[in-house]
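Chemist: Could you build the full structure based on these sequences and the hints that come with them?
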Amino acid sequence: MENCMLQKPRGTRDFLPAEMEQRRAVERTMRETAARWGYGEVCTPTFEEIELFTLRSGEGIIQEMYAFEDKGGRMLSLRPEITASVLRMYVNEGRMLPKPVRWCYYADCFRYERPQKGRYRQFWQFGVELIGADTAAADAEVIMVASDILAGSGVTFDLHVGHLAPMKHLLSGLENGIQRRMMAYLDKRDFEGLRVFCETAGAAGRYDALVALPECRTVEELRDLCGNLPELSRIEDVVGILDAEGLTYTPDFGIARGLDYYTGMVFEAFAENLGAENQICGGGAYRLAYLFGGEDVPSCGFAIGFDRVLVSLGEVAGSRPVVTSVLYTPAARQQAFAVARQFRAADLRAEMNLIDRGIGAQMKHAAKTADFAIVLGERECQTGTVTLRNLHSGEQRECTVDDAIAGVKAFGSC
RNA sequence: GCCGGGGUGGGGUAGUUGGUUAUCCUAGGGGAUUGUGGUUCCCCCGACCCGGGUUCGAAUCUCGGCCCCGGCCCCA
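In our numbering, the protein residues as written are 96 to 509.
Each hint should be verified, as a subset may be incorrect.
[To be verified] Listed below are the simulated SDA-like cross-link pairs for lysine to any residue, each with C-alpha atoms no more than 25 angstroms apart in a straight line: (1) 263 to 151; (2) 212 to 285; (3) 194 to 176; (4) 166 to 146; (5) 103 to 346; (6) 166 to 140; (7) 463 to 507; (8) 283 to 214; (9) 263 to 287; (10) 263 to 307.
Everything labelled a hint here was simulated from the structure, so no lab data went into it.
Modeler: See below:
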């Protein structure tokens, strides 16, 4: 019999109600936090023309996407991320909006990768994009929104804030491919690998400055290392805002953030309990809109790895709404439906017994699934009352439906 | 794509020098109890990931595949 049972696709998960309650609760606080900063939620298609994703990242990523041809011969892909879609949407229908535009999203993404801890083939991202503001205040706001949302979710995290200008300066003049390799070593803090690579690339003279970069904590130290770069005043301005607001973070100018479209400020957040995939948030300032046919609008945003946040939070026994189970004898069925309806109208959870069985068996079931039982039989029907039983204490009384509703409400949540 | 560890009822497990009816707990269903549960007792349900090979005989040995866990690569 098990032979024919279908399995879920690799890297996907099923969520039972208890886990969904937790996921929805975290999701709700993230949305509410973003909303308080003025970010309105948007929704984009689950699949897009494949070009949207290859334009910025190259053809190479096709093998890591769920790409397919539809019946009209269009090359499409399930979205591997949301930022590209949001910027496409901005170019399509957001350009006439007053700037800056503040948008957020929560949606699932799909990547054909090898699953491991905190990495799935279907995973959820919560993200924010601030479009049309290229200022220190904009950089600082996005960082603070990320920090606010993460803190609100309850996760413990380290926030690293950096800027690409110092690193780019130290690598300037080198061939593009060599720069990328060096950035990768630096981003991974593989100093030994970087040293060897610098020597073989004939750039051993740059090693000392490069390894000093991740240690820089102040703009003064950056100035000593890189000279008086024009971007330093912007960095100074951003950290000034963050410090004045009392944000907890670590300045980190060793962040490389993978791809080229990041233009300035970059930041990342890391959490515990997550093994190799411990980054729960990444973002920065970028320019993408021009790729999709829009003007070259400056943007800034981040994405949170929602599933990783939940892995890091672990299993939390959140409070659960009180459940009332409605039990009845056959003759009282209609009355039971009516009582259950009144409970629901009062915003309480009521579950009807649906199986033909005696009160004893119904009570046995209710004891496992509910906090209160309503019993309806001949007596209650004749007097127009219900019997309300507290399944935790065993206390029981016969009263009106309104009294029963008031009694359950007074109990609070579990 | 690569490396390592795994896969026994729904969940958790015992069992592998190859041997008869695969162990225990739990969950689920029913009963003792036809208007009062959680305890107890009894009963039922239900598994060796899939396929090939070796063998008289495979959960056990072997090969391949699938899936899970962790790591590498990658990480938009």
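Chemist: Indicate, hint by hint, whether the structure satisfies it.
Modeler: So, going through the hints one by one against the coordinates:
1. 263 to 151: Holds, at roughly 20 angstroms.
2. 212 to 285: 22 angstroms, holds
3. 194 to 176: Holds, at roughly 24 angstroms.
4. 166 to 146: Status holds; Cα separation ~17 angstroms.
5. 103 to 346: Distance ~42 angstroms between residue 103 and residue 346 Cα, so the pair is violated.
6. 166 to 140: 18 angstroms, holds
7. 463 to 507: 19 angstroms, holds
8. 283 to 214: 19 angstroms, holds
9. 263 to 287: 20 angstroms, holds
10. 263 to 307: OK: residue 263 and residue 307 at ~14 angstroms, within 25 angstroms.
Hint compliance for this structure: hint 5 is the single one not met.
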